[in-house]
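There are 4 protein chains.
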Amino acid sequence: MKELKEIHQITIRFNEVDSLGIVWHGHYISYFEEGREAFGKTFGISYLDIKKQGFAVPIVKTSTDHMLPLKYGDVAIIETAFKNTQAAKIIFEYVIKNHQNQVVCKGETVQVFTSIETGEMALTNPEFFKKWKQKYNLLDD
Amino acid sequence: MKELKEIHQITIRFNEVDSLGIVWHGHYISYFEEGREAFGKTFGISYLDIKKQGFAVPIVKTSTDHMLPLKYGDVAIIETAFKNTQAAKIIFEYVIKNHQNQVVCKGETVQVFTSIETGEMALTNPEFFKKWKQKYNLLDD
Amino acid sequence: MKELKEIHQITIRFNEVDSLGIVWHGHYISYFEEGREAFGKTFGISYLDIKKQGFAVPIVKTSTDHMLPLKYGDVAIIETAFKNTQAAKIIFEYVIKNHQNQVVCKGETVQVFTSIETGEMALTNPEFFKKWKQKYNLLDD
Amino acid sequence: MKELKEIHQITIRFNEVDSLGIVWHGHYISYFEEGREAFGKTFGISYLDIKKQGFAVPIVKTSTDHMLPLKYGDVAIIETAFKNTQAAKIIFEYVIKNHQNQVVCKGETVQVFTSIETGEMALTNPEFFKKWKQKYNLLDD
Numbered sequence: 001m002k003e004l005k006e007i008h009q010i011t012i013r014f015n016e017v018d019s020l021g022i023v024w025h026g027h028y029i030s031y032f033e034e035g036r037e038a039f040g041k042t043f044g045i046s047y048l049d050i051k052k053q054g055f056a057v058p059i060v061k062t063s064t065d066h067m068l069p070l071k072y073g074d075v076a077i078i079e080t081a082f083k084n085t086q087a088a089k090i091i092f093e094y095v096i097k098n099h100q101n102q103v104v105c106k107g108e109t110v111q112v113f114t115s116i117e118t119g120e121m122a123l124t125n126p127e128f129f130k131k132w133k134q135k136y137n138l139l140d141d
Numbered sequence: 001m002k003e004l005k006e007i008h009q010i011t012i013r014f015n016e017v018d019s020l021g022i023v024w025h026g027h028y029i030s031y032f033e034e035g036r037e038a039f040g041k042t043f044g045i046s047y048l049d050i051k052k053q054g055f056a057v058p059i060v061k062t063s064t065d066h067m068l069p070l071k072y073g074d075v076a077i078i079e080t081a082f083k084n085t086q087a088a089k090i091i092f093e094y095v096i097k098n099h100q101n102q103v104v105c106k107g108e109t110v111q112v113f114t115s116i117e118t119g120e121m122a123l124t125n126p127e128f129f130k131k132w133k134q135k136y137n138l139l140d141d
Numbered sequence: 001m002k003e004l005k006e007i008h009q010i011t012i013r014f015n016e017v018d019s020l021g022i023v024w025h026g027h028y029i030s031y032f033e034e035g036r037e038a039f040g041k042t043f044g045i046s047y048l049d050i051k052k053q054g055f056a057v058p059i060v061k062t063s064t065d066h067m068l069p070l071k072y073g074d075v076a077i078i079e080t081a082f083k084n085t086q087a088a089k090i091i092f093e094y095v096i097k098n099h100q101n102q103v104v105c106k107g108e109t110v111q112v113f114t115s116i117e118t119g120e121m122a123l124t125n126p127e128f129f130k131k132w133k134q135k136y137n138l139l140d141d
Numbered sequence: 001m002k003e004l005k006e007i008h009q010i011t012i013r014f015n016e017v018d019s020l021g022i023v024w025h026g027h028y029i030s031y032f033e034e035g036r037e038a039f040g041k042t043f044g045i046s047y048l049d050i051k052k053q054g055f056a057v058p059i060v061k062t063s064t065d066h067m068l069p070l071k072y073g074d075v076a077i078i079e080t081a082f083k084n085t086q087a088a089k090i091i092f093e094y095v096i097k098n099h100q101n102q103v104v105c106k107g108e109t110v111q112v113f114t115s116i117e118t119g120e121m122a123l124t125n126p127e128f129f130k131k132w133k134q135k136y137n138l139l140d141d
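Protein chains in written order, with this note's numbering: chain A, 1 to 141; chain B, 1 to 141; chain C, 1 to 141; chain D, 1 to 141.
Keep in mind the hints are simulated off the structure, nothing from the lab. Take the hints with a grain of salt, since some may be wrong.
Said to hold, decoys possible - 30 Å max Cα-Cα, derived DSSO-like pairs, lysine-lysine: (1) C:Lys130 with C:Lys106; (2) D:Lys97 with A:Lys41; (3) C:Lys51 with D:Lys97; (4) B:Lys131 with B:Lys5; (5) D:Lys61 with C:Lys97; (6) C:Lys41 with C:Lys52; (7) C:Lys51 with B:Lys106.
As the list claims (entries may be wrong) - Every beta carbon over 12 Å from chain D, so not counted as near; a handful from chain C, in silico: (8) Leu4; (9) Gly26; (10) His27; (11) Ala38; (12) Asp49; (13) Lys61; (14) Asp65; (15) Val112.
Beta carbons: idealized from backbone N, C-alpha and C, even for Gly.
The following block holds chain A by itself, in its conformation from the complex (with noise of 0.2 Å):
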């Protein structure tokens, strides 16, 4: 099974930073939807992706540890690695570094399936992701 994992590069903004110049912490949050999005728009499962299949896919958890602080100005990467399991749960693992390749930032989200249609959440996978992942090797047996 291979790894599936997409780089997006992002430059601080200046309205992201506080008063001291460095990157508020709630906007990792942001970054994190950032590289997720792109992970999408890349293995084809981008938030359009999905509601055309008739479903939302809502964070239902999220987790962030900060090592270094970002600057405006500064070049980011977002690496989001998408972390298989059996549950019927997207969860991606994201890791933010510098220009000088030191890990900013490190997170997890967690999605849920739920159907556009009822609002219900889905219990196992919905069959569009089973064949996603069948594509892309990452269901067992």
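For this one, chain A is given, so just place chains B, C and D on it according to the hints.
Below, chains B, C and D without anything else, positioned relative to chain A:
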């Protein structure tokens, strides 16, 4: 040892909800900060109080657990509780409830002390913080 | 012709103020939107109401005039008034006041109608909007 | 008198677009700030440069004109031009273009000088700003 807890009310803004009328998950990090700062104002340990002592208290860890959505116009309660630890850290636990008293989100943040002058992280609790703990009977002995 | 106006109260969030404790100027665009949507809910012309009629109403112009700052915890009032025009536009005027009833910010937004189906801009007022104007005696002659 | 102008490139973030994939209008105020600060870095008149002189430069007016939308992943150019005036004000004009060189948004901001020490607004240009203007041949005589 009594538990230190602050109750703070917010009303969900229109710009905080996404296309489905549900609060974007990243905003909960702001709500935690809102609760933390309300706690700080009540117990004399706000960002400004700490800055006067020569310290910044950057966030080094966050986590969120999302149970239910909040919508535009919803009134929500943020409960912010101080979680005592012997380490040179400030840990807060958050519970956000909707107006029906249902838990919509839980979370935790961890902060460390860094000297504003040198930028260095404190390995033991600064004097002012020990005094603050003493005042609220949070010191072990 | 009576004037249509909505009064909406907000409390300034901690994350809306900058290092000096003053609201960042860009947030006033959000406050205007908050006032506009409160107006829309009261008078049956919210984003959702308009969407049901097959139209989006993108903002094509904004302006702000800043007189006084708002600070963390301040309670402010947003007055949102409908400014009638014969053109195929929706114009709102905003006055934001602090709790001492001083004007802190004034502004205006202009919106046009675009068909959700075709994406095209309406050159004359859509039927549903004419009826809405009629209901509130805003049609000329 | 030459015109002072700065060209700055941004890439639209996922969290900056709404449900239709179009940048929310309020973000253009941030893009203007991004352009203004890029100008400030190049010409030695950034927030930090001004702060060192004992002044803050709060925004007292903004205006935006929206012609075309920007979408997630779009690369855009912010042209920030200094508009000379004899008044004790800093005026910038902004033009944002998409990668096809079409104008998507125009705007203007007006800033005044306030003393960080006293909080009072300067009625005439501060000395440091006169010298800055002289350096770039922007003084009338």
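Reported absence of Lys61 of chain C from the contact zone with chain D (all CB gaps over 12 Å): violated, 6 Å
Nearest-CB test (12 Å) between chain D and Gly26 of chain C: violated, 4 Å
Is it true that the CA of Lys51 of chain C sits at most 30 Å from the CA of Lys97 of chain D? holds, 29 Å
Is the Cβ of Asp49 of chain C farther than 12 Å from every Cβ of chain D? holds, 16 Å
Against the 30 Å threshold, does the CA-CA distance of Lys97 of chain D and Lys41 of chain A hold or violate the hint? Holds: Lys97 of chain D and Lys41 of chain A sit about 24 Å apart, inside 30 Å.
Does Lys51 of chain C pair with Lys106 of chain B here, judged by a C-alpha cut-off of 30 Å? violated, 34 Å
Determine whether the non-interface label on Asp65 of chain C survives the test: each CB of chain D must be over 12 Å from its CB. The claim is violated: Asp65 of chain C sits with its nearest Cβ about 6 Å from chain D, within 12 Å.
Hey, is Leu4 of chain C genuinely clear of chain D, shortest beta carbon separation above 12 Å? holds, 22 Å
Just to be careful, I want the Cα atoms of Lys130 of chain C and Lys106 of chain C compared with a cutoff of 30 Å; is the pair within it? Holds, at roughly 28 Å.
Does the no-contact call for Val112 of chain C survive, Cβ to all of chain D over 12 Å? violated, 10 Å
Verdict on Ala38 of chain C as a residue remote from chain D, using beta-carbon distances over 12 Å: At roughly 17 Å from the nearest Cβ of chain D, Ala38 of chain C sits farther out than 12 Å, so the non-interface label holds.
Does Lys5 of chain B lie within 30 Å of Lys131 of chain B when you go C-alpha to C-alpha? Holds, because 19 Å separates the two Cα atoms, which is no more than 30 Å.
Figure legend: structure checked against the earlier numbered hints; hints not met, in rising order: 7, 9, 10, 13, 14, 15.
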